[in-house]
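Novice: What follows is each chain in one-letter form.
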Amino acid sequence: MATTERPAPSIGQRKLRKEDPELLTGSSRYVDDITVPGMLWAVMVRSPFAHATIGGIDTSAAESAEGVFAVHTAATLELGALVMAWPINDECKAPPHNPLTSDKARYVGDPVAVVVADTKEHAIDAAEMVVVDWQPLPAVTDIKKALEPGAPIIHDDLGTNDAGSWIMSRDSPAPVRNPSGPYFDDPELVKIKEEYYLARLIPNAMEPRGVVVDVNASMGEYTVFSSTQIPHILRTTLAITCGVPEAKLRVVAPDVGGGFGSKLEAYPEDAICLGLAKLHGRPIKWTEERSEGYVATLHGREMYQQIELAATKDGVLKAVRVKLWASMGAHMRIITPGIPMLGAWLYQGCYDVEGYDFEYTNVFTNNTFTDAYRGAGRPEATYAIERAMDALARTLDMDPVALRRKNFIATERFPNYTIASGLTIDSANYHGTLDKCLEMLDYEGFRADQVANRASGDTKVIGVGFSTWLEMCGIAPSRVLAALKYIAGGWDAATVEFMPTGTVRVLTGVSPHGQGEVTTFAQIVADQLGVDFEDVEVLHGDTQVVPLGLDTYGSRGLSVGGVALFKAGEKVLAKARTIAAHELECSEDDLEFAGGNFTVKGTDKSANIKALGFSAWSAHNLPDGMEPGLTATALYDPPNFSWPNGAHACVVEVDTETGAVKILRFVAVDDCGVRINPNIIEGQLHGGIAQGIAEALYEEATYDEEGNLQQGTMTTYMVPGAPELPTFELGHTVTPSPTNPLGVKGVGEAGTIAAPPAVINAIVDALSHLGVTNVERPATPERVWSAIQGAKR
Amino acid sequence: MKRITVTVNGVAHEKNVEERELLVYFLRDALGLTGTNVGCDTSSCGACTIHLDGESVKSCTLLAVQADGAEVTTIEGLANGSMHPMQTAFQQHHGLQCGYCTPGMVMAAVSFLNENPSPSDDEIRHGLEGNLCRCTGYHNIVKAVAAVAAGEVS
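Chain order of the listed sequences is A and B.
Reminder that position 755 of the first sequence reads as 737 in my numbering, one-by-one numbering, no gaps.
Reminder that position 18 of the second sequence reads as 0 in my numbering, one-by-one numbering, no gaps.
Incorrect hints may appear among the rest.
Claimed, not checked - Stretches of chain A that chain B covers, calculated by requiring three or more beta carbons in the stretch to come under 8 Å of a beta carbon on chain B:
hint, segment
1, 668 to 678
2, 703 to 712
Stated by the list, open to error - With a straight-line Cα cutoff of 30 Å, these simulated DSBU-like cross-link-like pairs (lysine-lysine) come out:
hint, chain 1, residue 1, chain 2, residue 2
3, A, Lys295, A, Lys305
4, A, Lys553, A, Lys126
5, A, Lys644, B, Lys125
6, A, Lys(-3), A, Lys553
7, B, Lys(-3), A, Lys102
8, B, Lys125, A, Lys(-3)
9, A, Lys102, A, Lys126
10, A, Lys230, A, Lys467
11, A, Lys467, A, Lys75
12, A, Lys102, B, Lys(-16)
13, A, Lys418, B, Lys125
14, A, Lys175, A, Lys774
15, A, Lys418, A, Lys467
16, A, Lys75, A, Lys126
17, A, Lys774, A, Lys644
18, B, Lys125, A, Lys0
19, A, Lys295, A, Lys388
20, A, Lys75, A, Lys305
Please keep in mind that the hints were generated in silico from the structure rather than gathered at the bench.
No residue lacks a Cβ here, since even glycine has one placed at the ideal position from N, Cα and C.
So here's chain A without its partners, still in its complex pose (with noise of 0.2 Å):
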């Protein structure tokens, strides 16, 4: 098996995915496809009103209903409530959210029984036999009209629907730089308010949930098949909500169909599914209708933001501040109550500030909980102060690219500069990326359009707009976690381990879905041992053989997982050295390292690593006290975030007639680091900016007066299509992070952090000369045709 070869350098390489081939011919491996012999369906029974209490619940129909095995509701199926994990500080309101309700149901949707049945048809039948007496009580879902006095309370025991704030000045680890208000009360500064409300938004992975659980009774284990991006976390918190050790749990991650943070959660159906299955020691599979899905699944976003912003009349930027009301929904789920705070530090985005406040509020109302959604608070930031931005440039008509480049914080200032809001940024080039940006886009060329377009009278018009961002990323630093009341750490882990016939196998903690790990991985092994990329398999998602991780969300894969991957790799490589002196006769320093060939220096005495590993394995001739085996393990603890930045520019046509607007270019300049492999970043980037896009132009859920769901189908809720997009135009500069030995940063959120500023931005320059200052999104035509007419006024 050993070559003597090196094997050219994988890092940087446009490498095919290997996880391609079997998804490529049907060969995949959803929860869906999963079938367990003996298996059981469950179905919920759902509330429809978003807000009833429950006189009674009627199960008897049901229960004698063809096919039907058990129907229970919370009095008969004993559980915990689900694990929320983010407690913000002493003020923060979490009543106990129960996978089943039994006082009263507090959104539509909310799972009140659950129906056992031999097949899930049988299920579906008698899940409308259930006979709930339902009280109806008046509902609100719009978070001001919640903090209104007399507004209906969603948890009774509170007498409120404020849930609690988190203040930056009280509750930060990390002190400002200085206080916010003196320069708003500077009589020379020029001060701008903008107020902007961000749509309640529902993730659409292309796959549903779903959950299977098999139970090996003898033994009283259970095996959890869960569309999820945390099987890690998932295990530990269904060892709490359902009583069963942690070890006698396995949960697997297979084939997952995207998650976008909407399978980044501890939901009611995998508790209720372990339940039924503990306590009738059969298999159980649960599935989502999509429709369902629309209520049961975790939503993003919505809040109104009030960013304040205090410059000097010739455009330097002095002090931001920042207050948020954000939807909770019914319940706090895993990390609801944080999200926005995931944000906090951001909306002074990548300009050098002096002053810093920020605040969030967050409200009960009666919807489907919030969660994580792709970017998770930094997209709200990354809108408000680019926004704002805008709005600055045009009141102190200035141009928005020059009011940019006045304030962005200078290269020299890194590595490691601390920006107001407290926090230390990694790495960066700010004009450099934003020249590049402007350079692919042909900035003068395009403004140039843009007066000979106005010139002309054509009734469509023409805009650009910019977001030059920043975020933080790769979750996260433990002790920050910790002293931002998170209970979790943020580490990672990784196995590498040479195995008898030459390959290596690496197990990693993150449970990728769609990011490709199972490629850049073995393309970082293969380079760093100096193996063939085809040689390296990497294995995931599966808690009994990958035991150690905390999964995939926040952009971390990469700059955790794919470090720690690293260190287990160093491990290796300095046990194989010692093994190599071993069998050379040599001392380790002697030795050179290259191509997975450890050379006594000056000489051709060489010994391969996967010698090294047979070696290793066979144990016939070790170093005294040397343990058997070339495999070794690392948990990663992140000293910093990682902090990728960009500059992305669209241009818009708006139809001033209908309100239509159609995306001309989108130009997005991103530097994520060191780049493991391209196809993979600039699909990350491809896909985060459409979503972005759909966020700034397209998707919104919205709820009538009594609390229902408006877009209750996929019809009605608009996830684009290939139509609705533009050509992408992808352009990199490359800031290695110094906190890491990869040099790498997160790049999995970086467009949709990016880009819906930018699409607004540019519809609001288009009809600029209009008067138009602002269009809410998603800028439909009709809100970009009524704020064309209202600016008429």
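Since the structure of chain A is provided, determine the placement of chain B on it from the hints.
Specialist: Just chain B, lined up with the frame of chain A:
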């Protein structure tokens, strides 16, 4: 129950089906062909796209009984164990991430090129408008289909 005869991926099947059973569940549950995915309940997403007598259809829009006497091809049968050029192109151009929409997207793309062998990028986008993808932003899917049309993939 009704008895139907349907040829799937070249194999003839004679089965009893419930009249209300959708074709996609017949393929997945009765025949075990789980490569065809279900992504919605409103015929919106196209994840379940297959070929029926050579043309792409969403297999959730048909009852199994409507496929009586028909020839069905699913993703498993597109190249019978190897890779169809469209599948190869999707890998080469990174036209898939999570893979859930992919079988339907590939089947729709093959059928589209049968109808329009030399499409523009814009025609490709409109040709695939019935198939939703949440991962790729469609950019690389369009490239993959264009590459097959241009004969750049074998």
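Novice: Run the structure past the numbered hints and jot down the numbers of the failing ones, going up.
Specialist: 4, 9 and 15
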